[in-house]
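**Q** As you go down the protein sequences, you meet chains A and B in turn.
Note that the numbering used here has the first sequence beginning at 887, numbered continuously upward.
Note that the numbering used here has the second sequence beginning at 887, numbered continuously upward.
A hint or two may mislead.
[What the hints assert, rightly or not] The calculated label-pair distances, taken between Cβ atoms and stated as ranges, are:
hint, chain 1, residue 1, chain 2, residue 2, range
1, A, Asp1444, B, His1579, 51 to 57 Å
2, A, Trp1178, B, Gln1338, 39 to 45 Å
3, A, Leu956, B, Leu1575, 51 to 57 Å
[Said to hold, decoys possible] Partial list, derived from the structure: chain A residues whose beta carbon lies under 10 Å from chain B:
hint, residue
4, Leu978
5, Arg1154
6, Gly1182
7, Cys1416
8, Tyr1469
9, Met1471
10, Tyr1612
11, Pro1627
None of these hints come from the bench; they were simulated from the model.
This one's a predicted model, so the numbers in the text were calculated from it and none came from an experiment.
Idealized CB from N, CA, C, for every residue including glycine.
2 protein chains.
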Amino acid sequence: MLSNHIQNGIESARLAWSRIPNSDESPFVLDDDGVGILKKNDGSAVESLDYEVIENFAYREEQAHRRRKLYVSYLLVVKWFFALLIGICTGLAAVFINISVENFAGWKYSVTFSIIQKSYVAGFIVYILINLVLVYSSVYIITQFSPAAAGSGIPEIKGYLNGVDTHGILLFRTLIGKVFGSIGSVGGGLALGKEGPLVHTGACIASLLGQGGSTKYHLNSRWFNVFKSDRDRRDLVTCGCAAGVAAAFRAPVGGVLFALEEVTSWWRSQLMWRVFFTSAIVAVVVRTAMGWCKSGKCGHFGSGGFIIWDVSDGQEDYSFAELLPMAIIGVIGGLLGALFNQLTLYITTWRRNHLHKKGNRVKIIEACLVSVLTSVISFGLPLLRKCSPCPEPDPASGIECPRPPGMYGNYVNFFCSKDNEYNDLATIFFNTQDDAIRNLFSAKTINEYSSQSLLTFLVMFYGLAVVTFGTAVPAGQFVPGIMIGSTYGRLVGMFVVKYYRKLNIEEGTYALLGAASFLGGSMRMTVSLCVIMVEITNNLKLLPLIMLVLLISKAVGDAFNDGIYEEQARLRGIPLLDSKPKYEMRNMMAKEACGSGRVVSLPRVVKVSDVVSILQSNTHNGFPVIDHTRSGEPLVIGLVLRSHLLVILQSKVDFQHSPLPSDPRTGGRSIRHDSGEFAKPVSSKGICLDDIHLTSEDLEMYIDLAPFLNPSPYIVPEDMSLTKVYNLFRQLGLRHLFVVPRPSRVLGLITRKDLLIEDAENVNTLELQATSVRIQHQNKRLTTRNPDAERPLLNGLLA
Amino acid sequence: MLSNHIQNGIESARLAWSRIPNSDESPFVLDDDGVGILKKNDGSAVESLDYEVIENFAYREEQAHRRRKLYVSYLLVVKWFFALLIGICTGLAAVFINISVENFAGWKYSVTFSIIQKSYVAGFIVYILINLVLVYSSVYIITQFSPAAAGSGIPEIKGYLNGVDTHGILLFRTLIGKVFGSIGSVGGGLALGKEGPLVHTGACIASLLGQGGSTKYHLNSRWFNVFKSDRDRRDLVTCGCAAGVAAAFRAPVGGVLFALEEVTSWWRSQLMWRVFFTSAIVAVVVRTAMGWCKSGKCGHFGSGGFIIWDVSDGQEDYSFAELLPMAIIGVIGGLLGALFNQLTLYITTWRRNHLHKKGNRVKIIEACLVSVLTSVISFGLPLLRKCSPCPEPDPASGIECPRPPGMYGNYVNFFCSKDNEYNDLATIFFNTQDDAIRNLFSAKTINEYSSQSLLTFLVMFYGLAVVTFGTAVPAGQFVPGIMIGSTYGRLVGMFVVKYYRKLNIEEGTYALLGAASFLGGSMRMTVSLCVIMVEITNNLKLLPLIMLVLLISKAVGDAFNDGIYEEQARLRGIPLLDSKPKYEMRNMMAKEACGSGRVVSLPRVVKVSDVVSILQSNTHNGFPVIDHTRSGEPLVIGLVLRSHLLVILQSKVDFQHSPLPSDPRTGGRSIRHDSGEFAKPVSSKGICLDDIHLTSEDLEMYIDLAPFLNPSPYIVPEDMSLTKVYNLFRQLGLRHLFVVPRPSRVLGLITRKDLLIEDAENVNTLELQATSVRIQHQNKRLTTRNPDAERPLLNGLLA
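All chains, full assembly: derive it from the sequences and hints.
**A** Below you can see the structure in the form of structure tokens.
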């Protein structure tokens, strides 16, 4: 049906294409467990496939089959090994960050406390200076060394897993900046957390391990370099994300669900198990390290450290009347969360347009100003607050008032005239955030905080969190969100205690619900957030309450704007493809969507100068290749990618003098490229057209594009509903899609039963109990073509 | 480009198709939150759209837009309401089953125990008789009333969610059979569980609620009948599955993950939240009911009941040396699990081919024989076992020996000569399975069981489980699996205690690991099983150990055969489409897959007699429709489904005398069908061709198929790799796919940025701050066509 030379071209394209591990067009088309890469090693077998030795095909195929089995097992082992490695490394990174932060913060507070015994002014100055130095070190690292490490990194990772590669987010320098930057910024007491950066850290570690280290710093190892396809890399990064969450919250199940719900766009259940494994490894590593630290080997780390706020001694039962205040918490969370998203959006836009244009010095000054502001507020406000007398000591709860000096705990004695007094504002403000949250969540401390203190703290901290968001330091939103939420949650809890007159209500439980509601209202996560909250509080019984609060806060927040990650991704120009099409698409056709630019197509054999001028004249990344049958009719034979054209232009080995297609049967012509050359580089931007130097002689030569084509990109008819097109594009993770005219004939219909090939064979084997028969049967399927399908269609039957 | 009358035909097809809520071809193409159904109610607006009033289009569109918003909110509320309803109903069903089973079993054991105080022979006979009556009632219900309720039901549900509708699995009678059948079979002491049936029960409840009750039993309510599309129904069934698992194990997170990992084939993250909500509701309902039952209102229910085996007082730490015996447990689990799958496969095949062909009487006799056998073994074997003396009483553990009569607990005094003796075999064998598991998992009971007893029990129970599997009663494999696994787990634990000489090792923890390993080796579930085990034992710290064991047992099992659900699904002829394509497909083309039968296509206007003869002559479910342009070239204008053709034939309203296409511009012709008519019926098999009576006059008339077409089914070129075709088919949940010749032109390329429509508009709004501008812009997009796209392609540019 197709003319012969076109058939050859398509055939050689198919063979060549199957050798390219990074089929840019179809990152998810290859099946799991690395068979995508396999083809590369099988390449030799496929390459030497000749038309004269077609009878040997079955034999070769069997040999390849055997080798394949071994190779697939090898790849499977390697993948699991990498999952293990990612888990261990991310766990260790998390432990390192936590130990460092706790030590810096602990040292800072112990120094300050020992100085304020003599002079509050001197303590104030020392406190401000220590914070300033820590924040300055963080912002210096970020601005000078790794600008991509600023912010939380989750929007960028989300974009990467959605198919948008933001430059620089997975480099080694970004990893370094993220780790040390977040130590400085969190240790320096800014209103931000280390959890978002940990997710980014996990992703960086995964990506770097997958590419075998950093190419720039010559840490590359050939041995590690097995993951070349986009899909494998994405799988690794997904593992890394889950590992980051698991490490940040010690929540392995939450980590898996976070990766599943929030981050990845494509998900296969085979991947899930590996991701889960990574998360569990992280949990083991963190647990082992914490056990090791218990003996006091880690300095100030130990009593603080990893966030895990056990509320297992909180309230267990709740009456139906309590559901109303809980619903109110949900509404507040939705409103404050949506407001937070909107404010940060405005501020980030303003910063980007006015402030950060002026260079790194402005960024450094800005971060330092925020640091001083934070220090002044967190030290100065408690000074203005009158101390309260300690409550009656309750030996059952084991909580002392005031707390012993230099320790963590409730009831901080700060600027009080008497010894048995405590400053409730200092208890939450003049503390690391982890400890503050622990104090807010704590049970059996009814009436510890006055509502004025909580309200002051809420307003101030909310303001600080908004201002801090977007400075050039690594910044997570989880912990500030929990701080804000638990403050108003505890406020509501206090009113409930007051008006419901029930003493078995614990304010700490309300604080927990408040935290969940604010995170729900801002991040709009659902299942994963729910599970994370349950895992960090270690109390499965609160699940329905957390869920109720999240349902409400997410619904309220959704009425106003998108989640913070989506907003930020949009602001940064990361075009995320939603999982569902927009409503407007129902009334549009495929043809209407495909841009206003005309389609630039290439002939099969193209002159080098034409390729260069086409690549210069537009920015398209993919070009259809058109050939003509002997009768002169045009025929689309495939898609060639800009990046592949650039590789061909650079290497020049495929240039030929003849403007005629090279025929594989005449010998001599085989693919001269290593498939690795076509793999997308991880950390560089790839080849640039300007870097390629072509002589005038080169420009007069020709390239036969047939071996470099993707011979069958997905196609849609011109008038297909855009909703359907969107689903095709999104579900299969495509990058290019051809819009073609309506077909004139249908050669066949594929239904479910046509795709159950092996099952049918299994039945054969089952019946015949002979594998040799099975192989023959299989080969028959491979070589014979369906004679009916090629017959002209019998559509005159009914006319 | 297309000739005018074809364009009209396609247009009217698009309008009509958009009205059909159940677009059989594309169950997942419509976007979420019921916009799929929406079109039906918008139908009127679309229908009255005329070419004369095209200027009104923008206004109408705006009105429809407003109504849409309201309707979408309404549907959203309805969906959440149904999720709530499913949760409550499934929870109540689970409570009902559990209370009934516990009461029957409790009554049975208390009667037997009171009789054996006098005579063991009389007790034996009474015990056998009670079991026999219970099992007989179960098998009678199944064989006479609801044959589809036999077995676990999970393979069938899995098939349904994969797109294969086994007849009868979601009927009301199946629900009834499942509930009462499993009460009988579990209460009757057979070696099976009630967890699998509960999953099926949840699915039935969801489906019945979704269709508004049973049509057959006139419980149908119009009000409920909002879910007509396949996709909505599947979403409900997914919710039901998760609810079933959540109810069976009181594991809400495990339920979600089970539905995600094991059951559904298509998953959207929007659905996840709703599924989670349902699961949490179930947890609340079950918890409330159990709280209510605590006061003794539920008879024997209360101390037993829902499986939840708290091992929180089990061991917390483990040395690295213990990992070896744990790995051995994993290997044993893999081997025994794979053997179990293979044995049950053989036995089921044999049963199907030899036994169950002979009718219901054989099935009843078989079940009764199995019941008697089970009773004899579980009563008789402990009689042969010598009693052991009680250990020293340990007041800290609170475990009495022997246990008080009529109660649940360890150390059963059965056929012992002395009072302070117990029979270790009776402790696990002569008990409900839930209690036996609790006894096996229990901590602080080192040396309670002798290894002979455990080994005897293991062999006997394994045999019973294999024999019981496949009898005509509702049967779950979870609890028997846990029984088998925990037995050999405890055995290994005993050896560890003996040889490692560590007294802080708890045999109960090893029993738990054994249970996980056997389930992993048989069912091959991973994440969900892990989470379920953690949730039922309420001990998060064991997660890494459970995961290790599962990893090993699944890997070992996979070396031999598929998971039990896949094996059973294949045996029952449910063609499940795997999520990844078979390796063989890489070397095949689309054309080779599409069967040997020739494509039967219809012209646009077709004679009724031709339709009838085509429908009679083959069994295809979809037919391409071909029209001709004015120049005589054929053009594929869409796909028509057999079921829709049957509806048209039955109603006859669309028959016309003229063999010419009806033109919507001449008026008179509009779609005379209610879209509901084309919706796929839930519980009946649909219209049969033989039921349609056509007069000879009817047969001479014509039908214009244009309004009934799916105007743009997905298409693939003939030589596309079958791997790619498979992915397209599987990911989008298709039923039919057209294989067409290679296109001759590319009209456009769609890339990511072309699909980010609304985002671009949002930017506009943001910049202009005027919604009116936005609407105009939007409408412009809807009405104007891209002029470039229709120009002939400039592919001569470079030739």
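**Q** So, for every hint listed, does it hold in this structure?
**A** Status of each hint after checking the structure:
1. Asp1444(A) / His1579(B): 51 to 57 Å: 53 Å, holds
2. Trp1178(A) / Gln1338(B): 39 to 45 Å: Since Trp1178(A) and Gln1338(B) have Cβ atoms about 43 Å apart, the given range 39 to 45 Å holds.
3. Leu956(A) / Leu1575(B): 51 to 57 Å: 53 Å, holds
4. Leu978: Hint violated; Leu978(A) Cβ to chain B Cβ min 16 Å, cut 10 Å.
5. Arg1154: 6 Å, holds
6. Gly1182: 19 Å, violated
7. Cys1416: 7 Å, holds
8. Tyr1469: 7 Å, holds
9. Met1471: 7 Å, holds
10. Tyr1612: 6 Å, holds
11. Pro1627: Holds, because the Cβ-Cβ distance from Pro1627(A) to chain B comes to roughly 6 Å (cut-off 10 Å).
Going down the numbered hints, you'll see the structure goes against 4 and 6, while the others check out.
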